[in-house]
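Chemist: Based on these hints, arrange chain B on the given structure of chain A.
There are 2 protein chains.
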Amino acid sequence: MKNYEKVHVDKEPRTELHDKLNLTGAEISVNNLPAGAGIPFVHAHKNNEEIYIILSGNGTMTVDEETFDLSPLDFVRVSPAGKRQIKASENEPLEYICIQTKENSLGGYTQDDAIMIE
Amino acid sequence: MKNYEKVHVDKEPRTELHDKLNLTGAEISVNNLPAGAGIPFVHAHKNNEEIYIILSGNGTMTVDEETFDLSPLDFVRVSPAGKRQIKASENEPLEYICIQTKENSLGGYTQDDAIMIE
Chain A
1 MKNYEKVHVD KEPRTELHDK LNLTGAEISV NNLPAGAGIP FVHAHKNNEE
51 IYIILSGNGT MTVDEETFDL SPLDFVRVSP AGKRQIKASE NEPLEYICIQ
101 TKENSLGGYT QDDAIMIE
Chain B
1 MKNYEKVHVD KEPRTELHDK LNLTGAEISV NNLPAGAGIP FVHAHKNNEE
51 IYIILSGNGT MTVDEETFDL SPLDFVRVSP AGKRQIKASE NEPLEYICIQ
101 TKENSLGGYT QDDAIMIE
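These protein sequence lines are chains A and B, in that order.
Going by our numbering, the first residue of the first sequence is number 1, and it counts up by one from there.
Going by our numbering, the first residue of the second sequence is number 1, and it counts up by one from there.
These are computed hints drawn from the structure, not numbers from a lab.
Only a predicted model underlies this, so the values are computations on that prediction, with no experimental measurement involved.
For each residue, glycine too, the CB sits at the ideal point set by N, CA and C.
One or more of the hints may lead you astray.
[Said to hold, decoys possible] Estimated spans, in silico, between C-beta atoms of each pair:
#1 B/G107 - A/R14: 18 to 28 Å
#2 B/I117 - A/A114: 32 to 42 Å
#3 B/E12 - A/T60: 24 to 34 Å
#4 A/P72 - B/T24: 18 to 28 Å
#5 A/R14 - B/T24: 17 to 27 Å
#6 A/A37 - B/S56: 21 to 31 Å
#7 A/G36 - B/I115: 20 to 30 Å
#8 B/I115 - A/V7: 25 to 35 Å
#9 A/D10 - B/T24: 30 to 40 Å
#10 A/A35 - B/D64: 38 to 48 Å
#11 B/K83 - A/N91: 38 to 48 Å
[Claimed, not checked] In silico DSS-like cross-links for lysine-lysine, where the CA-CA straight-line distance does not exceed 27 Å:
#12 A/K6 - B/K46
#13 B/K87 - B/K11
#14 A/K20 - A/K6
#15 B/K20 - B/K6
#16 A/K2 - B/K46
#17 A/K87 - B/K11
#18 B/K2 - A/K46
#19 B/K2 - A/K20
#20 B/K20 - A/K87
#21 A/K83 - B/K20
#22 B/K20 - A/K46
#23 B/K83 - A/K6
#24 A/K83 - B/K2
#25 A/K20 - B/K46
#26 A/K87 - A/K11
#27 A/K20 - A/K2
#28 B/K83 - A/K46
#29 A/K11 - B/K46
#30 A/K2 - B/K20
#31 B/K83 - A/K2
Next comes chain A alone, as it looks inside the complex (with noise of 0.2 Å):
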């Protein structure tokens, strides 16, 4: 079997990538929020802790009581139990990566990972 896989993804509301992929250490989503949208809930996580990476656009999150900005290149990991929800500005699409990856999961790595080839 070979050692890696490749997907392109396109302009779409929202991508999963799990199985896409077939990760075994992660989730990801790709998401586009049109211009004044937002995810209709408050969520938290039981084991997840999640990333946010903003591709595009502008937009504000709010976690717990606190609510701040977004814009392209900003990144955000949320804890899994903050209450969570995002929402794109009300001029522009919001395009944004989600990654959820299980609390404490994560061993060596960089250099206490890799093994040098050549």
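Modeler: Frame of chain A; chain B shown alone:
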């Protein structure tokens, strides 16, 4: 302690987010390779699955014996054992994100892990 951390990433050659975001389930790096440049070594991993996300530019990636093209919004999973190397095209820089997560670490996700608040 608050349930989130936010950072903005500037166009640097490489930004590592594990410590900046207090990540516990992933390491995430944001990388900019100049036109014609490539990572100067081939590497694999002991335990971590990697996901590469192309943000802008074009390039190529080699995994084991296979080389394929990269363009914006390509997502590539590489298994720990995959011998990988990435390179920008000759005529423009390549901007990409690399996520490391521990292989087989994810349990439930999305509906199976979410807690609906309101």
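Chemist: Going back to the hint list, which numbers does this structure go against?
Modeler: When the structure is compared with the hints, numbers 19, 28, 29, 30 turn out to be violated.
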